[in-house]
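Visitor: Spelled out, the chains give:
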Amino acid sequence: MEVLDKAVQKSIGLEMYEIISRLFPICRSITGNGVRETLEILKEYIPLTINEVPTGTEVFDWTVPKEWNITDAFIKDPSGQKIVDFKNCNLHVLNYSLPINRIISLQELTPHLFSLPEHPDWIPYKTSYYNENWGFCISHNQLLSLEEGDYEVFIESTLKQGSLTFGEYFIQGDIDDEVLISCHICHPSLANDNLSGISIAVTLANWLSKMNTKFSYRFLFIPGTIGSITWLSLNKDKVSKIKYGLVTTLLGDPGSFTYKRSRAGSAEINKIVEFVLKEQNADYNVIDFFPYGYDERQYCSPGFNLPVGCLMRTPHGQYKEYHTSADNLQLVTPDKLEESYHVIGNILKVIESNKKYVNTKPFCEPQLGKRGLYKSINGKQNEMAMLWVLNQSDGEHSLLDIAVKSGIPFEIIRQVADTLKSYDLLIEKGV
Amino acid sequence: MEVLDKAVQKSIGLEMYEIISRLFPICRSITGNGVRETLEILKEYIPLTINEVPTGTEVFDWTVPKEWNITDAFIKDPSGQKIVDFKNCNLHVLNYSLPINRIISLQELTPHLFSLPEHPDWIPYKTSYYNENWGFCISHNQLLSLEEGDYEVFIESTLKQGSLTFGEYFIQGDIDDEVLISCHICHPSLANDNLSGISIAVTLANWLSKMNTKFSYRFLFIPGTIGSITWLSLNKDKVSKIKYGLVTTLLGDPGSFTYKRSRAGSAEINKIVEFVLKEQNADYNVIDFFPYGYDERQYCSPGFNLPVGCLMRTPHGQYKEYHTSADNLQLVTPDKLEESYHVIGNILKVIESNKKYVNTKPFCEPQLGKRGLYKSINGKQNEMAMLWVLNQSDGEHSLLDIAVKSGIPFEIIRQVADTLKSYDLLIEKGV
Amino acid sequence: MEVLDKAVQKSIGLEMYEIISRLFPICRSITGNGVRETLEILKEYIPLTINEVPTGTEVFDWTVPKEWNITDAFIKDPSGQKIVDFKNCNLHVLNYSLPINRIISLQELTPHLFSLPEHPDWIPYKTSYYNENWGFCISHNQLLSLEEGDYEVFIESTLKQGSLTFGEYFIQGDIDDEVLISCHICHPSLANDNLSGISIAVTLANWLSKMNTKFSYRFLFIPGTIGSITWLSLNKDKVSKIKYGLVTTLLGDPGSFTYKRSRAGSAEINKIVEFVLKEQNADYNVIDFFPYGYDERQYCSPGFNLPVGCLMRTPHGQYKEYHTSADNLQLVTPDKLEESYHVIGNILKVIESNKKYVNTKPFCEPQLGKRGLYKSINGKQNEMAMLWVLNQSDGEHSLLDIAVKSGIPFEIIRQVADTLKSYDLLIEKGV
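Residue numbers (the numbering used here), protein chains in the order written: chain Y, 1 to 431; chain R, 1 to 431; chain W, 1 to 431.
It is worth saying that the hints were derived from the structure and are not from the lab. Because the structure is a prediction, the values reported are computed rather than measured. Errors might be hidden in some of the hints.
A pair holds if it fits inside one copy or across any two, identical chains being indistinguishable in the list.
Stated by the list, open to error - Okay, derived cross-link-like pairs now, DSS-like style, lysine-lysine, Cα gap no bigger than 30 Å in a straight line:
#1 Lys160 with Lys370
#2 Lys243 with Lys405
#3 Lys361 with Lys160
#4 Lys405 with Lys320
#5 Lys380 with Lys238
#6 Lys82 with Lys278
#7 Lys361 with Lys241
#8 Lys82 with Lys405
#9 Lys87 with Lys429
#10 Lys349 with Lys126
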């Protein structure tokens, strides 16, 4: 995993920010060309497999919906002036709107207009996936300024047979056990909710592809809810391989980290993420699983109960810009993206190296001095780390357990374990 | 259990207070006509079975004692004036006093007089069940005022072969598993210690008798200690049916609730009572079992170890009026009785409906929208309740577990579970 | 164990202080005549077995080292004056120094001089067991006063084939299960670190030898690290008999108690020591096992994982006199030694009497009154103790468990258990 260290360099935050900037203007939804265009860009970074699942496919209790595409939309005021234009901001259209081309009164129009009175300058983000409708999202100030009269409303969209598109990238490791990284790709011009998670996932995947890893890694770029349901439905046989998983989202805002545990609170992924956040020495918050949020809802449904948590900075609904036009390229910053990337990198490092060892000289302490081991290490902390690893390596305690118990950084525990192994004082459990 | 809701109406507190007022003047003891008279009154409310167990019956390590009855008692002062009269207050006689009819000096009398120096106006309540004696309880002020001279002491009582009397009322439910409600009926004119528990038990029994319940209910109206020992001794075969139980006592005073857990701290009755008290949003205190107090001592002896806790307001010995003439009709109030009744009613509601379900669509979330379930529910809390119930219903978590985990009121959890069951999304575990 | 009570009398602290005073001047090391002389003195108190293990013996990963002896050592300054003299203070010589007899310059001498800049008047204690070297330890003030010139350095020592010496004393109890008390005997003139533990162990052993005990007791007087490794290596077959153990050290200083748990934190020895310290009502600190310190490092190596904790007052390295000439007869005091002795005595009392009983009348409470048991006990606390013991004696709870749960002193719980047993209301579990 040494390459990850290089990954965490100055420019990585900026690289991810640039990916976000490229993806920002695209009008994504749970199906359609916006998703395809997004995945094509990601393919420049990693050899993504792009899957198309036809409309009407039964996926557990759900059905893959009709595909939605949109090319243009606007409202013209009674004077014929274009006052709302999809081309300026794709949030203006209620996502999954049916096509329309009519002249209607303000009274008829109003029920189709959505605004945010508490943030009168911002455009809200609204969807109507499973309830056929049409509508526009505008700032509250604009709503208040509308005068009586006839308005031309125009939406050039299609909702018809097609497919649901998702991207998947699998890296085979030394063993078939998998780590799952999943992010949603169904939000239009929203930078933190959606693009931050995507940019981090694709960048991690790119780096991991250049390494030899113990675990296999699976990256999913999927529309929220229906995407994970579709993937799980088509890949039931693979699910048992998933030993650790993270949903990555909301990772570019200035807030502190929030980790939402997987449904089975005792899962090792939870222990690892909490440990890494603690070692990070930053503010963070850990919350128990609850059945609302992102795709962890599906991964953690009772039939699967997968060890998949969700790593965020500020949780959904708890920052004011959430699901508005203010979740934009000003909200996310390269340094926060980089910090988030670094945390996930450290989580993967622990996953990769969190072994259990067996002390080959378990009766009393081995004599470290005669092997020159006291000299090979610098400082009291490393000596203590060595004694801890020897004492606890009975095949029951992982290196993470030892780091937690001793209060010594995981990286030092891992290093002395490597040293002790090279002196044949440790063997890996079950190897 | 819907009838219980109606039970908790304005007048219930007053009804219970009236029962207490009727029972207050009767001179009860662990045997004798006072108990019989009390049970006859309770029979007006519920079809009580009245049992008579003969003196001398061996009940485990104990023996049913001789029956005690009393008709009159007084002390006349040297001038011949009746200065203490059982007919004014039955606490005046040491309970289980032998008969006496003598003229004695103050010096001879004094060892047979009991008073409370710390509350000089109150008459204490004293007994001498297993140690033959006679005596009078008087206020400390009266004791101090007694002058030298000859006193006539008169107690018209009998202590002879007879029986121990107790009342029992059993309601057959859908299943044979039982809920036990037990209260003691052996105290004379004491309103909180004794009558509050009796009035609530009889009122609950009356209401339950009009309902279809899942569990069977057994109500015991018994003399303390020897009564529960006798019942347990005669009903060893029934004990294993008791799945939940409460000793009800001290439920009319103004103090906050105290729940004393059953001996096996992990028993579900404890979880349920604590949850209901917490939802009640009132002050309350939960204490671990200790082998002193009321009949929970016997139910929780190691050979039985029954899941029977004790619900009180202020515990025995912790309010100043305890076991004195001040534990009277002024200490207990209709509103506190009603609040206590309501808490026990809510406990029984949870017992009745605390099922475990299995989600019939456990892989990913079922699509609630296509079933119109989002519309069937009002408010975000109900939507969250639905998601919680679906996510946790793996046959391992009860509705109470889900209410605790989600922080959503039990009643809402129960309602959405009913809804989901009616849509075939849940089946009851093991049914 | 009643004799232990007599042990804890005024003079015991002084007796132990006198043992320390006799042993203080001897120059001990991990091998050699200083250890032999020490053990011969201990033999005056208990019939110690003295074992000699030849140099070169393989003990697990270690080898018994050459034997070191010293008769004289000094430094003469350029004027021929003896400025450092082993006969004044044996700490002056680097322990395990090779012999030397040379005239050298101050520059050559300096790397062989050790001092403590932070305590300029004190002589440090230094060793060089497994790294052949020679040296002197002096006060920092003396170091600073040395002038240029030629110094005569003289160490009359030998390092050659010989043996490692340790003392062992075994007391057979009613059962073969053992309690281990282990202390190190390898430090020269250090009073708290070494002699306090020795004096308490030998005094406890002396008293225990006069009693009938349930458990067998094994006392080890061994050089640190290599001594316990040697004993464990030679006695692998006996190790499984050890059910409780304590390393006793640093028990005479004025600090509060520190108990370091055994590696398996749930071991009963830990529960017992913590309970006794708590009942003691003094300040104390309990810390988890860590693989550094005294011989508990070896007893708690993963291959053995013995239930051996370490009882200290101020831990090693946490008092300023540690490993200096200030750890002397002024630092330790008779009253602290006595208090420490008392605590260990109480620990042994609980070990000896912490039985599990079975209530022979487990259905309801037995009638204590008819047996006169209420009269046999004085006070409410004893009545409560009786009810607790009867209620909890189901064969699962030890007397210690009952003391913890009830908050009643262990000694009272033990006494009422004896009483109840004499009335055939209890039988010992498994007897």
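Visitor: Against this structure, judge whether each hint is valid.
Guide: Here's how the hints hold up against the structure:
| no. | hint | result |
| --- | --- | --- |
| 1 | Lys160 with Lys370 | between (76 Å within a copy, 19 Å between copies) |
| 2 | Lys243 with Lys405 | both (23 Å within a copy, 25 Å between copies) |
| 3 | Lys361 with Lys160 | between (69 Å within a copy, 28 Å between copies) |
| 4 | Lys405 with Lys320 | between (39 Å within a copy, 27 Å between copies) |
| 5 | Lys380 with Lys238 | neither (46 Å within a copy, 34 Å between copies) |
| 6 | Lys82 with Lys278 | neither (53 Å within a copy, 58 Å between copies) |
| 7 | Lys361 with Lys241 | between (34 Å within a copy, 22 Å between copies) |
| 8 | Lys82 with Lys405 | neither (65 Å within a copy, 51 Å between copies) |
| 9 | Lys87 with Lys429 | neither (60 Å within a copy, 54 Å between copies) |
| 10 | Lys349 with Lys126 | neither (38 Å within a copy, 41 Å between copies) |
Of the numbered hints listed earlier, those contradicted by the structure are 5, 6, 8, 9 and 10.
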